[in-house]
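Enquirer: Sequence:
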Amino acid sequence: MALEGQINHLSNQHRKIEEIIHAEMANPDWDEMRVAALKKQKLRIKDELERLRSAAIH
102 MALEGQINHL SNQHRKIEEI IHAEMANPDW DEMRVAALKK QKLRIKDELE RLRSAAIH
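Each residue of the sequence shown is one higher than the one before, counting from 102 in our numbering.
Do not take every clue at face value.
Straight-line C-alpha distance at most 25 Å; calculated PhoX-like pairs for lysine-lysine [said to hold, decoys possible]:
# : residue 1 : residue 2
1 : 147       : 117
2 : 117       : 143
3 : 141       : 117
4 : 117       : 140
In case anyone wonders, no lab produced these hints; they're calculated from the structure.
Produce the complete structure using the sequences and hints provided.
Expert: Dropping the structure here:
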């Protein structure tokens, strides 16, 4: 079940990045470049999760 563990780990990372983005944007002086970088990281994780979930099904 290494694949399941990897999926869980990436899901947790995805959720944590989402929380960081919300916290950053709640700050009146939020850093647009930091948020953009976090969103790209989050998207890469989402893509990897979709790939792993697809592999788990087959």
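Enquirer: Is residue 117 within 25 Å of residue 143, Cα to Cα?
Expert: 9 Å, holds
Enquirer: Against the 25 Å threshold, does the CA-CA distance of residue 117 and residue 140 hold or violate the hint?
Expert: Between residue 117 and residue 140 the Cα gap is close to 12 Å, so the pair holds against 25 Å.
Enquirer: Would the pair residue 141 and residue 117 pass a check requiring their Cα atoms to be no farther apart than 25 Å?
Expert: Answer holds: residue 141 to residue 117 is near 14 Å, not above 25 Å.
Enquirer: Is residue 147 within 25 Å of residue 117, Cα to Cα?
Expert: 13 Å, holds
This entry satisfies every hint, going by the numbered hints stated previously.
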